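*Asks:* Whole structure, please, built from the sequences with the hints as guidance.
Residue strings, one per chain:
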Amino acid sequence: MDLSGKKRPGGQHLSWFDLVLGIALFLLIFRAVLQAWPRFDRKEERTVRLEVAVAGLAGDLAAQLSVGQWVKDEPSGEFMGKIVRKESGADRTDLLLVLERTGTIRKREGIFFGREVVRAGQERKFHTFYLEFTGRINRVVVQE
Amino acid sequence: MSKPSGICRPGGRFIPYWPKLYLFALWVVLLQPEAAFNFLLFLPGALFPLQFTGAQNLFYLWSGWAYFSALFSPGFPSSLVTFGLEMIVVTAGFYAGLYARQDRRWVWIFFAAGLLTAGLSLVQAAAAPPYPPGWVSPAERAFLPFRVAGLWPNPNRTGLFLAFLFPILVAFSETEGALGCRVFSRGALLFFIVPALLFTYSRTAWAAALVSLVFYWWPRQKRKIGRLLGAGLFVAGFFPSVAGRLGPDPFHSGTMLYRYRIWQETWRVVQNYPWTGGGGSLLRNMLRPLAAEHAHNQWLQLAAEKGLPAAVIFTVIAAWIFRAPGCPGDRGADCPLRRGVQSALLGRLLAGFAESLWVVPLDLFLFWFGLAFVTAGGKATAGGEGRVPLQDGGS
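If you're matching them up, the sequences are chains A and B in order. Going by the working numbering, the first residue of the first sequence is number 1, and it counts up by one from there. Going by the working numbering, the first residue of the second sequence is number 1, and it counts up by one from there.
Hints listed in this document are in silico derivations from the structure and should not be mistaken for laboratory results. Keep in mind that a hint or two might mislead.
Part of the chain A face toward chain B, derived, beta carbon under 7 Å [claimed, not checked]:
no.: 1; residue: V20
no.: 2; residue: L21
no.: 3; residue: L27
no.: 4; residue: A32
no.: 5; residue: P38
no.: 6; residue: S76
no.: 7; residue: G77
According to the in silico footprint, chain A covers these stretches of chain B (three or more CB under 8 Å from chain A) [stated by the list, open to error]:
no.: 8; stretch: 19-28
no.: 9; stretch: 149-158
DEER-style ranges, computed between Cβ atoms [as the list claims (entries may be wrong)]:
no.: 10; chain 1: A; residue 1: E123; chain 2: B; residue 2: A112; range: 45 to 51 Å
no.: 11; chain 1: A; residue 1: A58; chain 2: B; residue 2: P248; range: 45 to 51 Å
no.: 12; chain 1: B; residue 1: F191; chain 2: A; residue 2: D94; range: 54 to 60 Å
no.: 13; chain 1: A; residue 1: Q122; chain 2: B; residue 2: Y258; range: 22 to 28 Å
no.: 14; chain 1: A; residue 1: E109; chain 2: B; residue 2: Q56; range: 52 to 58 Å
no.: 15; chain 1: B; residue 1: F184; chain 2: A; residue 2: I23; range: 26 to 32 Å
no.: 16; chain 1: A; residue 1: E123; chain 2: B; residue 2: S63; range: 51 to 57 Å
no.: 17; chain 1: A; residue 1: E132; chain 2: B; residue 2: G230; range: 39 to 45 Å
no.: 18; chain 1: A; residue 1: R42; chain 2: B; residue 2: W267; range: 48 to 54 Å
no.: 19; chain 1: B; residue 1: P289; chain 2: A; residue 2: Q122; range: 50 to 56 Å
no.: 20; chain 1: B; residue 1: T255; chain 2: A; residue 2: G56; range: 33 to 39 Å
no.: 21; chain 1: B; residue 1: G232; chain 2: A; residue 2: T47; range: 40 to 46 Å
no.: 22; chain 1: B; residue 1: L190; chain 2: A; residue 2: F129; range: 42 to 48 Å
The model shown is predicted, which means the values in this text are computed figures rather than measured ones. Glycine residues also receive a C-beta, built at the ideal position from the N, C-alpha and C atoms.
*Replies:* This is how it looks when you write it as structure tokens:
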């Protein structure tokens with residue numbers, strides 16, 4: 001059975017079966033592509049400050065951390081920022097480091113330093129040129 | 001498309017619709033590979049007057065053993081439901097493969113699905129990070145930027161699908177169609193499918209693609225094999241992410257050590273139920289503490305699910321594929337394409353050492369599709385009755 005009046009450019013009738021299959025196929029491909037299509041979030045570059053708490057670092061090791069040094073994430077090698085402030089507790093073994101760098105803000109994903117997502121509460125291994133240490137990110141501040 | 005003619009038998013009214021339904025069903029299963037019931041769309045093909053007959057004895061042997069093991073496995077009677085679903089896919093693959101010998105438009109569907117997968121993979125690569133989430137471990141982030149997954153959520157499966165397509169599309173681009181068509185297909189292969197395969201960062205898929213291409217060109221086109229190996233070395237040497245993914249010793253990587261543990265657990269199931277196997281659900285329960293859903297080895301998976309005889313039958317089937325014509329010396333019209341499918345199946349078998357190939361219905365379908373396509377031989381017909389003209393979309 002053909003659909004009356006519908007002709008292909010070549011003059012052949014378009015059968016109802018072709019039409020149904022064509023529409024079904026188009027919808028199926030559209031749905032599959034939609035499902036696999038990645039989200040392109042709006043990205044913003046902002047200056048981000050991290051407060052990293054380092055507990056129980058031996059005194060001579062703590063002394064080797066100073067303002068101006070770069071700090072990287074140990075497993076990934078991602079640059080986590082420069083130390084802009086260093087505060088130490090009364091016993092000089094508990095440190096609070098403030099790191100600063102430009103991060104990417106993705107509205108629905110979070111704050112990225114390169115491929116690393118940065119969130120408060122993360123415990124990470126860090127290293128500088130001289131030293132390796134473990135610290136917890138206490139606070140993340142995005143500068144306006 | 002030319003209409004089939006000269007068919008006068010009961011149910012003949014259905015026959016003109018079958019080729020269209022066949023191509024539609026191919027699209028459906030390629031886009032939705034996990035839904036076993038979609039494969040029911042192929043079953044009317046068993047009623048279609050086919051010009052070719054394949055290795056029916058292997059099909060019956062496998063079906064018979066699968067039925068026997070389902071009856072006597074500890075998972076009975078639910079094992080029969082699993083058997084039913086598997087047989088839908090196996091039968092669909094087998095008859096679709098036989099029909100594919102007389103209607104070669106399936107290659108275009110595969111090509112289009114490959115391009116769609118590759119295109120989406122490149123879009124995902126552009127959007128990365130963090131797409132797709134969860135496939136790059138923290139330890140790998142230093143060198144691995146992302147792993148694309150194409151149409152499906154798993155980069156390894158996407159990689160294996162592209163690796164399966166690879167020799168078929170190479171055969172197609174070398175032999176089919178006019179010059180413009182060949183230039184287009186080679187360009188699409190080089191600029192879309194090769195990068196997409198690389199970006200899946202699936203080592204098993206890389207190995208499968210490499211071995212299948214070497215087999216495809218061996219021994220007539222050794223120069224191309226040399227170029228292929230040279231290109232492989234170039235990519236590994238100049239792209240740190242590829243070299244990092246391969247690692248200094250892939251056989252002692254974390255992934256391999258994880259697989260050894262899975263294989264040990266799976267072997268325990270084989271030891272407990274060597275003849276009938278323990279069934280799929282028992283194996284999954286055994287592997288749950290390791291956070292694995294399958295054995296990551298085709299032979300062990302079959303032995304654990306259906307018993308050691310199933311693994312032996314699978315080996316016989318695998319050997320049959322390479323006994324079939326399509327090897328050098330066969331000068332038939334379909335020779336390059338059959339050789340391509342044969343090579344694709346070889347890649348699959350190689351991947352079977354590190355992956356369970358038949359866990360996803362589409363992979364089970366593709367294996368039986370390829371087997372039927374490669375082993376199909378012309379059917380002797382009396383006076384040409386029941387013959388359907390060849391439909392060639394390529395040339």
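*Asks:* So which hints don't hold here, by number, going up?
*Replies:* 1, 3, 11, 19
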